[in-house]
Amino acid sequence: MTSAQIVIQLIASLTAIACAIPGVFLVLRKMALISDAISHAILPGIVVGFFITHDMSSPVLIILAALTGILTVFLVEFIQKTGLVKEDTAIGLIFPALFSIGVILIAKNANDVHLDIDAVLLGELAFAPFDRVVYNGIDFGPKALWVIGSILSAILILLVAFFKEIKLSTFDVGLASALGFSPAILHYGLMTVASVTTVGAFDAVGAILVVALTIAPAATAYLLTKDLKKMLFLAVGFGIFSSISGYWLAHNLDASIAGSIATILGVLFLLVYLFAPKSGMISVAYKQQRQKIEVLLLTFLLHLRNHKEKEERHINHLNEHINWKKSQSKKVLDLALKNNMIEVNANVVALTDKGKVFTENAINYITAGSEEAIEEMKKEFFLFRG
Amino acid sequence: MEKEVAVAIDDLTVAYNYKPVLWDIDLAIPKGVLMAIVGPNGAGKSTLIKSILGIIKPIAGSVTVFGKPYTKQRKKVAYVPQKGSVDWDFPTTALDVVLMGTYGSLGWIKRPGKTQKKAALEALEKVGMLPFKNRQISQLSGGQQQRIFLARALVQNAEIYFMDEPFQGVDATTEKAIINILKALRKAGKTVVVVHHDLQTVPEYFDWVTFLNVKKIATGPVKDIFNNENLIKTYGINYQVSIQE
Chain A
-1 MTSAQIVIQL IASLTAIACA IPGVFLVLRK MALISDAISH AILPGIVVGF FITHDMSSPV
59 LIILAALTGI LTVFLVEFIQ KTGLVKEDTA IGLIFPALFS IGVILIAKNA NDVHLDIDAV
119 LLGELAFAPF DRVVYNGIDF GPKALWVIGS ILSAILILLV AFFKEIKLST FDVGLASALG
179 FSPAILHYGL MTVASVTTVG AFDAVGAILV VALTIAPAAT AYLLTKDLKK MLFLAVGFGI
239 FSSISGYWLA HNLDASIAGS IATILGVLFL LVYLFAPKSG MISVAYKQQR QKIEVLLLTF
299 LLHLRNHKEK EERHINHLNE HINWKKSQSK KVLDLALKNN MIEVNANVVA LTDKGKVFTE
359 NAINYITAGS EEAIEEMKKE FFLFRG
Chain B
3 MEKEVAVAID DLTVAYNYKP VLWDIDLAIP KGVLMAIVGP NGAGKSTLIK SILGIIKPIA
63 GSVTVFGKPY TKQRKKVAYV PQKGSVDWDF PTTALDVVLM GTYGSLGWIK RPGKTQKKAA
123 LEALEKVGML PFKNRQISQL SGGQQQRIFL ARALVQNAEI YFMDEPFQGV DATTEKAIIN
183 ILKALRKAGK TVVVVHHDLQ TVPEYFDWVT FLNVKKIATG PVKDIFNNEN LIKTYGINYQ
243 VSIQE
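Read top to bottom, the protein sequences are chains A and B.
Number 51 in the numbering used here belongs to position 53 of the first sequence; there are no gaps in the numbering.
Number 236 in the numbering used here belongs to position 234 of the second sequence; there are no gaps in the numbering.
Rather than coming from a laboratory, the hints here were simulated on the basis of the structure.
Keep in mind that the hints are not guaranteed to be accurate.
Which stretches of chain B does chain A cover? Using the computed rule of at least three CB atoms under 8 Å from a CB of chain A, they are [claimed, not checked]:
no., stretch
1, 52 to 61
2, 66 to 79
Among chain A residues calculated to face chain B with C-beta under 8 Å, some are [claimed, not checked]:
no., residue
3, 172
4, 176
5, 225
Under 8 Å between C-beta atoms, here's a sample of chain A residues computed to sit facing chain B [said to hold, decoys possible]:
no., residue
6, 81
7, 159
8, 162
9, 163
10, 166
11, 169
12, 170
13, 175
14, 177
15, 178
16, 224
17, 226
If you're wondering where the values come from, they're calculated on a predicted model, not measured in any experiment.
Ideal placement from N, C-alpha and C gives every residue a C-beta, glycine not left out.
Next comes chain A alone, as it looks inside the complex (with noise of 0.2 Å):
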């Protein structure tokens, strides 16, 4: 590997963290489109940034932006307040808006500023090594490692401080409220903080790309774990295995760094929807698939416990008595027997104890919601789970 090499993926590594974090909360507010809105908004913030500054990389560029993108904020819960129109259509009308004057302010001055809409759309990983901060003629490194460097670094010490606060107010609004933490500061510190964070990551990966880093870690995360350190930590290491594969992915199709980093963060996140051990849609269809035999076997442990007389119990009856299929009718017998739940003596089917027991149990949880006794049965089925 190259310097150069090391220091993309570096950068794009430790952007990824930068974004991944923040994007937890979005995600956990139900605000990922937010982040859409604040990346594409931002632009006219740092097209005037740059016309000031003439660098992409100046603190009074990244400043203007991420108060455009606090602005993005503000105005669509301004238009949503009106009670005119909801949140998802106020995020439509303010971001292409933004977005736009950003635009004509490129297209008016592209001649004589080199900025391009290609480069703010995708960013341009691959030259990131060779803007270097330089300073009295000694070589500080890449640019974009100082910027994102710092912006990660203010997000750890933001993470870290405020934790407590953020996840009270994320999962809690009313109680945050009550008890002082003001909802509003904290919903604008992590706006805030997104803000920032896609203004930095926006050299390396450009706009769009940037929603990638942002939503699809938190999102796969999600779906792996109910912990929130768990999911940050996942997050973030989702964030960073795409970075450096995503670039290995580019070098050996010799493809766009960010476009190929956002398509393994795409099959991550669709290899875990589809193979997650709890969530997954494969687990899920088989936990539905148990809960629908199941649901057939308490209706059979029901018939059982309601017909004392012999015939109604006969195996060769309950076939058409119960009316099902016969693969059906076997594939419950043989749950039931499996649980020791039902004895056959001479071709008469009975309750165990066991069975009976059961049979009690989860009547009293479908009737009168009674949870105490189902908390065992839990275990092994999926019934009981809700």
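Mind docking chain B on chain A? Use the hints.
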């Protein structure tokens, strides 16, 4: 002798988009009562609690808690929001939610430590949820989630408790457990204010009641004012409940 006033509300008016939801409310909640706030849907019951707690800004009027503005008295007040107001798929555990009750006394930046954890475990024990402390909150039943919310309020160790429909969607056992805890709080001299829907249980559960329907209809001891006249004033002529004397 007049009882000490826990919460004093004067001329409180709250409006959403210029439409008043609460109109000129004057209300004194005496210390040590277990009070129900009753009224039809849209009567402003939750809004009343939220404006006492400063979550909603009123357009007029004032609220004092033990004689001072709420912002000076946060540590004396615990709040249980409606269960439906939060996302129970949020990635956290029962214990962690209860720990949130300690955040107010901790203030900004400080993290909960051993003392807070011990208090949270005790609160979980009180509501019978200790065995579920590490359970994912999405894996809890509605009644269990409500108990967690109650535990979170208990851990605040407050003087006044505001609860927004704590009996909503809970089974009979949980309802009993919750009301027993509320009665124990009153016995310990705490003031408990509950937004309540089930008129049948008002005389059994509460000693104080406020009828609310945008305006305050009546407030006072259940035995004196919980009668047909006030129910009709609050719910209109067609209210569907009969009171057992």
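Hints and how they fare:
1. 52 to 61: holds (count 4)
2. 66 to 79: holds (count 3)
3. 172: For residue 172(A), the interface hint holds, since the closest Cβ of chain B sits about 4 Å away, which is under 8 Å.
4. 176: It holds, given that the least Cβ distance between residue 176(A) and chain B is near 4 Å, below 8 Å.
5. 225: holds, 6 Å
6. 81: holds, 6 Å
7. 159: holds, 5 Å
8. 162: OK, holds: residue 162(A) within 8 Å of chain B, min 6 Å.
9. 163: Result: holds, 7 Å to nearest chain B Cβ.
10. 166: Hint on residue 166(A): holds, closest Cβ of chain B at ~5 Å, below 8 Å.
11. 169: Hint on residue 169(A): holds, closest Cβ of chain B at ~5 Å, below 8 Å.
12. 170: Holds, about 5 Å.
13. 175: holds, 5 Å
14. 177: Residue 177(A) check passes; min Cβ-Cβ to chain B is 4 Å, inside 8 Å.
15. 178: holds, 5 Å
16. 224: holds, 4 Å
17. 226: Status holds, d = 5 Å.
Hint check: no violations occur; every hint is consistent with the structure.
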